[in-house]
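Following the hints, position chains B, C and D against chain A.
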Amino acid sequence: MPGDPARLLIPRGRAIDPSIMERMREFYGLDKPIPIQLLAYIVQTFQLNLGYSFYYKAPVGQVIAAWLPNTLVLVGISEAVAIVLGFSVGAIAGWKRGKRFDIISTTFGLTTWSMPTFWLGIVLIMVFSVRLGLFPVGGVRTLELQYANIFQQLADLAAHLILPVITLTLVSFAEYLLIMRNSLVDVMTEDFVLTARAKGLTEQRVLRDHVIPNALLPSVTTIAIALGFIVGGALQTEIIFSYPGIGMLTFQAIEFRDYALLQGLFFIDALLVIIANFAADIIYTYIDPRVKLQ
Amino acid sequence: MTALLEVDGLKTYFRADGEYVKAVDDVSFRVNKGESVGLAGESGCGKTTVALSLMRLLPSNASIQGGRILYEGQDIVSMSDRRLRKTRWKEISIVFQGAMNALNPVKRVVDQIAEPMILHGDVSKPAARKAAERLVELVGIDKTRAKEYPHEFSGGMRQRVMIAMALACDPRLVILDEPTTALDVMTKTQIQQLVKNIQKELDLSTILITHDLSVIAETCEKVAIMYAGKLAEYGDVVSVFKAPLHPYTEGLIKAFPNIRGSRELPASIPGTPPNLLHPPAGCRFAPRCPIAGKECEALPPDKTLETGRFVSCWKR
Amino acid sequence: MLEAMTRMDNILEVRDLKVWFPVRTGLLAGLFKGEEKFVHAVDGISFDVRRGEIFCLVGESGCGKTTTARSILRLVEVTSGRIEFNEDGKRIDLASATRQEIRNIRPRIQLIFQDPYESLDPKLAVLEQLSEPLRVNKVKGTRQEIMDRVLRALSNVELIPPETFLMRYPHELSGGQRQRVGIASSMILGPSFLIADEPVSMVDVSMRADILRIMLHIKQRGQASFLFITHDFSLAWSIGDRVAVMYCGKIVELATAFDLIRAPKHPYTRALISVVPVPDPTYERKRIILTGEAPDPIDVPKGCRFHPRCPIAKERCKTEEPEIRDAGGDHWVACHFWQDPIP
Amino acid sequence: MRNVSGFWKVYSANRKGVIGLGLVLFFVGVAVFAGLAPFDPSKVDATRTWLPPNRVNWLGTDWFGHDLFSQMIHGTRVSLFVGVFATLISAIIGTMIGLLSGYYTRLIGEFLERVVDFFLVIPYLPLMIVLVAVFEATEIPIPILWIVIFAIGVTGWSGTARIIRSQVLTVKERQFVDRARTIGASDMRIMIRHIMPNVFPLVFANVVLTVAGAVLAEVTLDFLGLGDITTISWGMMLHFALSNNAMYRGAWWWLIPPGLAIILLVMGFTLIGYSVEEISNPRLREKKF
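Protein chains in written order, with numbering that gives the first Met the number 0: chain A, 0 to 293; chain B, 0 to 315; chain C, 0 to 342; chain D, 0 to 288.
Okay, chain A solo, but in the shape it has when bound:
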């Protein structure tokens, strides 16, 4: 029975006592048909009981909690950079629509957007770590530095983070760039932009005071939607850089067919994204005067 998780609990190369297999299946509920397993999973999930990981031999919730902070650091930094970069480049591109800056920046954005995330990681590792030896190839800290002072530890962390952050930033900033650009192009056809020009404002001030504040609003809502995409990017980045976060954990769960862990991870991913969406909605109602909190 390939892909049977119960099989994975038994050390390799040993004869398996079928009755033990049977009991283990029973213990983990694997003897039930798949739909019933699924139902049991849903019921348990709503009780916030994510199950038990075969591979780590610990409750899924605990395993995830240990690995999650690293992911939040990686995603937090790269998204902050990507949003700022994407929005500002997008704003300029929209303003100079059809000019050289627009063409170059959107082409660049489109290229990084079309890349598989993990492949970009590979290229960066090959160039900067393997060839040039500038950064460590993976992980999150160097073991020998365990007892070094706090600054050395931080520098070490930064060195480990730099390539993963660049990878994740590059693959996600294009989304923000294009949204901001198109939103800006839309806003510029509005009458109030004409009013602003008629008032005698310079083009720069029209952009800064009138166009961007309006173009930002629809862009903010798309941050939330983009997050679903970023989870996938983070997962690939972590795997390529052996970065110990929940993406790496997902990879291990796939490899060892640890379904409880896999489902738990999916649940946490979805939960985080939904919370982020909710937060984005609330932020939106604050920054857009047209939407009032009921």
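Calculated directly from the structure, the hints in this document are not laboratory data.
Bear in mind that the values here come from a model prediction, so they are computed numbers and not experimental data.
For every residue, glycine included, the Cβ atom is placed at its ideal position computed from N, Cα and C.
You can trust all of the hints, since none of them are fake.
Simulated pairs of lysine to any residue, SDA-like, Cα-Cα distance not exceeding 20 Å:
1. Lys-285(C) / Arg-259(B)
2. Lys-8(D) / Gly-17(B)
3. Lys-122(C) / Met-195(D)
4. Lys-85(B) / Asp-208(A)
5. Lys-187(B) / Tyr-282(C)
6. Lys-89(B) / Arg-171(B)
7. Lys-106(B) / Val-205(A)
8. Lys-122(C) / Glu-276(D)
9. Lys-122(C) / Arg-173(D)
10. Lys-98(A) / Arg-14(B)
11. Lys-106(B) / Asp-287(A)
12. Lys-124(B) / Lys-146(B)
13. Lys-137(C) / Arg-98(C)
14. Lys-253(B) / Leu-215(C)
15. Lys-106(B) / Thr-284(A)
16. Lys-285(C) / Gly-260(B)
17. Lys-106(B) / Ser-123(B)
18. Lys-122(C) / Val-3(D)
19. Lys-137(C) / Ile-191(D)
20. Lys-98(A) / Gly-16(D)
21. Lys-89(C) / Pro-106(C)
22. Lys-106(B) / Asp-190(A)
23. Lys-122(C) / Pro-200(D)
Heads up, incomplete: computed chain C residues facing chain D, CB under 10 Å, no partners named:
24. Arg-73
25. Pro-106
26. Gln-109
27. Phe-112
28. Leu-123
29. Val-135
30. Asn-136
31. Ser-184
32. Ile-194
For chains B, C and D alone, coordinates are given in the frame of chain A:
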């Protein structure tokens, strides 16, 4: 009377697929100090393009191809961008149609009114806000509402805000582009009265752009009628309405139903306006004109009568 | 009251029609407040359209005139009241008819739309535009017969020669031409009742009269009766037989076009007519300019809905809503003090 | 459609669109004529391993001794196949749900809207992983390639549904739909005859963009080891390159070409999608007057 604004042979063309659409083609008229001029015509006649040309606010595919726009003797067409920005709003301001989109939806009304004051004058922000609140009251809105956003106002109120905004820098000339078009008749009247009062009080010159001749009849002193990018007729309101010279003007006036007249259908003008990509070589109204003759195949002469009236027609 | 006036020559009788829309509040607000709010778009109106007349419904935007039109066609659901359509001795209450009954009656009642740029499907050529109603209603006929009907419909709206218009798409037509195609498509099923919702407000002035004349001809040939919806009294003046004025979901005055415009009785109508623009710079008159704006149809004022803006309102108007009554000569008005002069 | 020639005239003037179409047509050509590749892509030559690009093996060979150029050519087929079929599934689901949720705004619409919202925000790669992993574990005899197609298809429809929904919501309010109702047209007829043709261009644009996403998703699943190890695809090439340490041994010729091919194919579809969107959405076009 001295002229505040003189438009002389204005040509504004749009570029479309390598060809020129002659949206405004050789239009001349003048606005004297303290005078209200109405610019009328149907959709596509070029009246809004004239308005945008006066402040050089044209979209990127349009450009002024000829003529002069003299404001106090200074030619706006050839003015440097810096000079132009100083002229905008301080000398000439504009009230756009459809006030919803003409106001920035995410800025408070009071700040939008104060913005040009701070830009053009040496005013502090609080002082500008104070002045903006006074303007809000002047146009008949409670000043406590000045802190609100445009979407919290009704259509008529937003148009009042636009008018307050246009007055922010004490301009000499205000262009009103279809200011009452989407409004109900009572609100329309309220706004018209407001504009009339303010104009008298501040000795403003105004250019009112509208398709609705009755609005011009009730609020303007002079009227210019445009047809297919050309000026058809110009003169004082009473004589143009009472004795129109151009057959188009005559048709347009007759096309308006009048509740003071007898109960009958208004008259229509047969046909449709020409395509401005390839307009007729002669008089552009000739294909629809009831009195057109052989000579109308050539460009009609510009006739200025000693009464100050202007008409572009062979037959008059 | 109006109830007693039911007569055979009425093609449409509307009685106490109400159309309320629930106000969408947030999910949480709905749970906590418990009371549902409504937009009182149409709030109890009654009128008749007589066979062979053009009946005008005039009012400002948001007064409920368009909702009235849409409820007759059941494009919106009716809250209460009756809409009786009366033809060939058969009566059907459109307000309570089933979907199937509505579909059966639709060829008899057609709508002429406001916006000629919006009301034609941009992807369909004129021929398809006009033959679709026939096909949908399974009108039998050979290709030639269908084509003849389409061509006749086009010539009836003065699109001549009709053949040249068949393969044109809406964007290739002028506004006036589009509106005529719209009328032709509404007329092709041979309806006996037409609802025209602001049919010329988006058409250039010089071409409006053509549209009005086409409609007048339809009426004069006895082909159909009209409910004509407009905000413009001067249109009602030039084309209407009888006119009703709506304010905030109610009819405040109803009379013949001549009486209503030359001798309005309700203070609201009197004010509106005093400010109707006239294309004559020498015409002097006394304008009655109302202050404020029409009330929010969610929170309608108690008593007479017009009292907060009314120049002759008294204490009674704040508490007692006036019934619509015949002020003599089939001139109906909903005001306690209509005989009072306006200062 | 009768407007095809008119559309082509506008489209061919759009530089981005022409480049995109060129890229996609190029890869389609490669896939069709993959049989002409110089070597059998699965043939192993143990004497020729780890070779950098040379005269015989234009893109070098891998650790097993496969000719990488031939593998690249054959890999095109899988990417296109998965991309197109996964998109077909998501286009069908997305269009139906979008149409229904936009047209019926009451109970069905509300419910479907929630479903769309849920699928829109859900992190789709983890969802795909769970789907593929669970399906592979069930031992239902479906080829893994189809499991991958199915997983990509059922997770990728929410964007299409959302766009169609919002389009239907606007188109439905337009007067010509009211006109259709007043002449007695049924809901079905209104949806098919009046609403669909008017939302079609945007749907098409979105569907083309979905192909780009599906190609990327397939590559990622392969890379994660969830694909079919017996097929030759760009993703599998990268998967094997990584598991054989190509990255540290400097075998760039095993890693770079598949990545570049993916970028160009994805970009081709993306450019086509954006151009069609630009042409059919007047708001993105320059205002003329």
